[in-house]
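Asker: In this note's numbering, each residue's number is its place in the sequence shown (first place is 1) plus 1.
Note that these hints are calculated values from the structure, not bench results. Take the hints with a grain of salt, since some may be wrong.
What the hints assert, rightly or not - Distance ranges between label pairs, derived from CB positions: (1) A29 to Y76: 26 to 32 Å; (2) G22 to I79: 34 to 40 Å; (3) H44 to Y76: 14 to 20 Å; (4) L96 to A29: 34 to 40 Å; (5) Q28 to I79: 34 to 40 Å.
Since we're looking at a predicted model, the values are computed, not measured. C-beta atoms are modelled at their ideal positions from N, C-alpha and C, and glycine is treated no differently.
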Amino acid sequence: MIQPLILMGWIWHQGIQPSLGFGDWIQAVKDSNAHYQRLDQSHGVIDVGDPDITVDVIGPVLESDGHSLVFRITYNFIRTFFSGDLNEEGSEHILAVPNAPLAVNAHVFKTPHHGSQIQHRTF
2 MIQPLILMGW IWHQGIQPSL GFGDWIQAVK DSNAHYQRLD QSHGVIDVGD
52 PDITVDVIGP VLESDGHSLV FRITYNFIRT FFSGDLNEEG SEHILAVPNA
102 PLAVNAHVFK TPHHGSQIQH RTF
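From just these sequences and the hints, can you work out the full model?
Answerer: Put into structure tokens, the structure is as follows:
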């Protein structure tokens with residue numbers, strides 16, 4: 002299941018429709034008056050309202066498969082990278098983008114949950 006990122010009162014999601022119930026989920030989010038935003042790499046750094054926290058949106062890259070929401074959170078200079086459900090093809094596509102290897106650099110790295118057999122070795 003594709004999970005949203007919930008941080009600082011916002012629900013962020015990569016917007017890919019994983020099932021027929023996705024529209025119902027979006028409507029429930031809107032009905033709850035929660036803030037919802039679809040994110041992709043073009044959003045770059047997201048302002049979460051706290052100067053000590055930055056969220057860098059690294060993926061999805063719109064032209065690729067492996068549409069996981071990939072991001073790095075920096076809090077007080079500690080970088081934590083979240084790769085979501087990123088597959089090997091998506092990893093290669095992200096690493097091909099200029100400066101992306103720098104964005105992947107982190108103190109803490111949460112790997113894709115599918116394991117090392119299908120993830121990119123650089124990750």
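Asker: Hints first: check each against the structure and report whether it holds.
Answerer: Okay, the hints, checked on the actual structure:
For the pair A29 and Y76, the supplied restraint of 26 to 32 Å holds, since their beta-carbon distance comes to about 29 Å. Distance hint check: the CB atoms of G22 and I79 are about 36 Å apart, consistent with the given range 34 to 40 Å. Roughly 19 Å separates the CB atoms of H44 and Y76, a value that falls within the hinted 14 to 20 Å. With their beta carbons about 35 Å apart, L96 and A29 fall inside the hinted range of 34 to 40 Å.
Look at Q28 against I79: about 36 Å separates their beta carbons, and that is inside 34 to 40 Å.
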